[in-house]
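Chemist: Chains as they are written, first to last, in our numbering: chain A, 1 to 335; chain B, 1 to 307; chain C, 1 to 300.
Worth flagging that the hints you see were computed from the coordinates, not collected in a lab. What you are looking at is a predicted structure, and each value in this text was computed from that prediction instead of being measured. The reader is advised that the hints may include incorrect statements.
Each pair of labels, with its calculated beta carbon distance range [unchecked claim]:
#	chain 1	residue 1	chain 2	residue 2	range
1	C	40	B	217	38 to 46 angstroms
2	B	299	C	187	33 to 41 angstroms
3	A	82	C	187	45 to 53 angstroms
4	B	95	A	164	56 to 64 angstroms
5	A	247	C	198	36 to 44 angstroms
6	C	275	B	265	30 to 38 angstroms
7	B	204	C	210	19 to 27 angstroms
8	C	198	B	65	33 to 41 angstroms
From the three backbone atoms N, C-alpha and C, an ideal C-beta is built for every residue, glycine too.
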Amino acid sequence: MADVESPMAGLLAVEDLTVAFGRGSSAAAALRDVSFALRRGETLALVGESGSGKSLTALSIMGLLPTEGQVSAGRVLLGGDDLLRKSRDDMIRTRGSRVSMVFQEPMTSLNPVLTIGRQLTEGLQFHRKVSRAAADARALDLLRLVGMTNPEARLKQYPHQLSGGMRQRVMIAMALACEPDLIIADEPTTALDVSIQAQIIDLLLDIKERLGTSILLITHDLGVVAEMADRIAVLYAGRVVEIADCLQLFDAPRHPYTEGLLAAVPRLDLLVADGADRIRLAELPGSVPSPGERLSGCPFAPRCSLAIERCSAEMPPMRTVAEGHTAACWVRAAA
Amino acid sequence: MTRFILRRLFTALVTLIISSFLVCMLIHLIPGDPVAMMMAQNSAPSPEQLAAMRHMLGLDLPLWQQYFHYMGRLLTGDLGRSIFGSEPVLTLLMERLPNTFALAFAGLAIAVGFGMPLGFFAAYHRGSWADSALMVFAVAGVSLPNFWLGLMLVLLFSMTLGWLPVAGEDWRSMVLPAMTLGVTYMAIIARMTRSAMIEVLGEDFIRTARAKGLPEGIVLFRHALRPAMISVVTIIGVVFGYLMGGAVVVENVFSWNGLGRLAIQAISYRDYPLIQGFILLFATIIVVMSVLLDVAYAWLDPRISVQ
Amino acid sequence: MSTPIPIVADTVDRGTGIASPRRQLLRRMLRSRSLVIGGSIVLFVVLVALLAPIIAPFDPDHIGTGRRLAVPGGKFLLGTDEFGRDILSRVIFGARYTLYIGLVAVGIGLVFGVAIGAAAAYAGGWFGGLLMRVMDLLYTFPDVLIALGLVAFLGPNLTNAMIAVGLSAIPYYARVTYAVVLSERQKPYVDAAQVVGASHIRVVVRHLMPNVLPPMIVVASLGFSAAVLSAAALSFLGLGAQPPMPEWGLMLSTGRNYITRAPWLVVGPGVAIFVTVMAFNLFGDGVRDLLDPRQRQRTL
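Between the sequences and the hints, there should be enough to build the whole structure, so can you do that?
Modeler: Quick look at the structure:
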């Protein structure tokens, strides 16, 4: 009972999520047995190269997979409800209300022909059945919360009248409108100028502190991860290969892939201090195998310098290597 | 917005000036002596008659003055006189204009009224059998010769079923010609609407709307419809122009007493002032229509109307 | 011992690597329904036109081949017209006129249109801008009306109708050429060729043309169908082909006078126009899909 109300109780649990594209014999698994958990008030970063399945994981949670993709196994538990088993209408009532999402492209993610006010209030009016006036008042509060100047005027403006940074603030305000338990932020800063990136990160940190919202942060920018994340899950070719607390992962990565990722990051303290000069994932030799090529073994084996015979034959399970630190590697996380 | 409209009006004016120049010069395309050709329909004209006609048309002036002569008359609303019946060209055209407008707008209403919903439906059910059927219909529609479609509709609805008259002046006699015009352009509008809608449905902001948990109805009608309409409106202008062109042909199938029939009569009698007036009138209608649609476009798209 | 992954990589490579680009193209062509159907009908119409004297059962112009206005069936598959001429034979010979009209009109339109469009794109500047503004302007006027206006002054006959239809399509070809050449011109290989010292003509002929050609096949095919429609409309209005030519539009025009007594007069030629125009439309669409599958939804 205390568990439910405790601030660090489990909020989201993704269990063995498997997503396939295509049908029948041509189906290719884009996500395989992805599992991680997110506690209330926590920020979990999902990191990996493009094609690793980060965004797909987010879309699966939201129930917004493109029609060619389908979840073939697994559960997505939000506060105990399995979102994957929900009906279409139930899922509509959940989206934007209990989980909401901030997208990468603020320039194209807002409807160009609707006012900011309309886009901010429509979710509230639908989910919370509030009056137009009440929704407008709430929209003003939201714009103030995300630090927009002159919010009254903003309500009547259209997206093209705002800068990229301001649009991303509007996106965040929209995500917060119905006070969701979880916000999924998919590369929220990638499309923005470096100076604006810092402002958006500060805003997200501030919101997390003031509202206690959990954040699932999806990014390939380790600088953002270092500044925001409590814990990190590393994704490679549709599989989770390592999960650890932020500092622990930067200090003592266990999976060879994580090591490779961090290779270009000289020192964490430097990185945090010098937020302007963010470092992207290091270039590893080779490339992520496409979903069609993935086989039973560890997907990283072909690129791994430590690989042994077993690696390409059998997928290593996630093993606990330290308190709150798990990794999947036959060599570095052996029993 | 005001600036946009002013600029648009300016280009429209330039278009009309260029059109009037081309129309004025068209007469020199006529192989041989145009005046002799025109008058040849009467019993052999005397040299005095030829000279009088030449003077009336301003053809006795040097080439560069002819245009100013023509424009000067044009500005006072004088389009010359028809060579046959010698009525003022403007009067003849204005008599027929309402009939052609009625037909063209009825056709446009059918094309837009059916084409847009069909396109939206197909886009939303992309890949379904209904979508494929609609695309087949769209290709067939643009390939149908409208004069033949008209004849087939007459065969079916007038001759076989006896539902509708072949010709006449009341609204019932307008049904078949309007349908003939409408079906061809309905196919084009459906196809354009479908592609516009498919493009919009793939936009990031549609994903955002769904991520907000809005029901599909709101996503479609509030978020997707208007941006898709914006691109459809831009082509309705072009479609209207082509529809007016189609009207000229269809009027002749159904003996509809509009500008198209007048034009064909004028051409067969070599009534050049009347032909010039006809072309100029059509140019004006098309230009005015495209200005109106651009204004509608600007009004729909806040990126233009809100500076 | 081989590990599974390289084996998989191998088979994947073999799967895509074996087929040559040419065979892949062929396979994609055969998979495109509109290309196959449209192309087959185009080929059929061309064959009918070429072999008309052999396959036509009667002389198309011979008056009194049969009874006047004979009902379809028996000796006269599509019946006879008001002069007792065999309609099927006339439709078969009509294919010659249609293809001839289409070729001449498209030829005129292409030559002038491509020249204007390419000149505007290659020259650029105020000259190119002005040229294209005029083309844009003319484009807003329906081609049938432009053709009608031209025929009105040139005089109504088939030659003038072909010229008028060809001229009326110039803005269309010019606009497409302009767009294609402009986008190709901005690609690095054009600059590279110039840096290496290739002359302007050489750049255009050796480098631009091969890239411009495929989209031009699309517009020529779609333009062909539009030209056939416009020319048939002019003939229908009495401004193109003149009797006794077995031209489809003209046949419809005379046939409609007998629509109550002999409706078959307006069926055969109409179907022929419809099917031919649709074939060229399908073919053009098919080639476009082949060139750029993403463009598929954006077709007019």
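Chemist: Would you mind marking each hint as holding or not holding in the structure?
Modeler: Comparing the hints with the structure gives:
no., hint, in the structure
1, C:40 <-> B:217: 38 to 46 angstroms, "holds (44 angstroms)"
2, B:299 <-> C:187: 33 to 41 angstroms, "holds (38 angstroms)"
3, A:82 <-> C:187: 45 to 53 angstroms, "holds (51 angstroms)"
4, B:95 <-> A:164: 56 to 64 angstroms, "holds (59 angstroms)"
5, A:247 <-> C:198: 36 to 44 angstroms, "violated (60 angstroms)"
6, C:275 <-> B:265: 30 to 38 angstroms, "holds (32 angstroms)"
7, B:204 <-> C:210: 19 to 27 angstroms, "violated (36 angstroms)"
8, C:198 <-> B:65: 33 to 41 angstroms, "violated (50 angstroms)"
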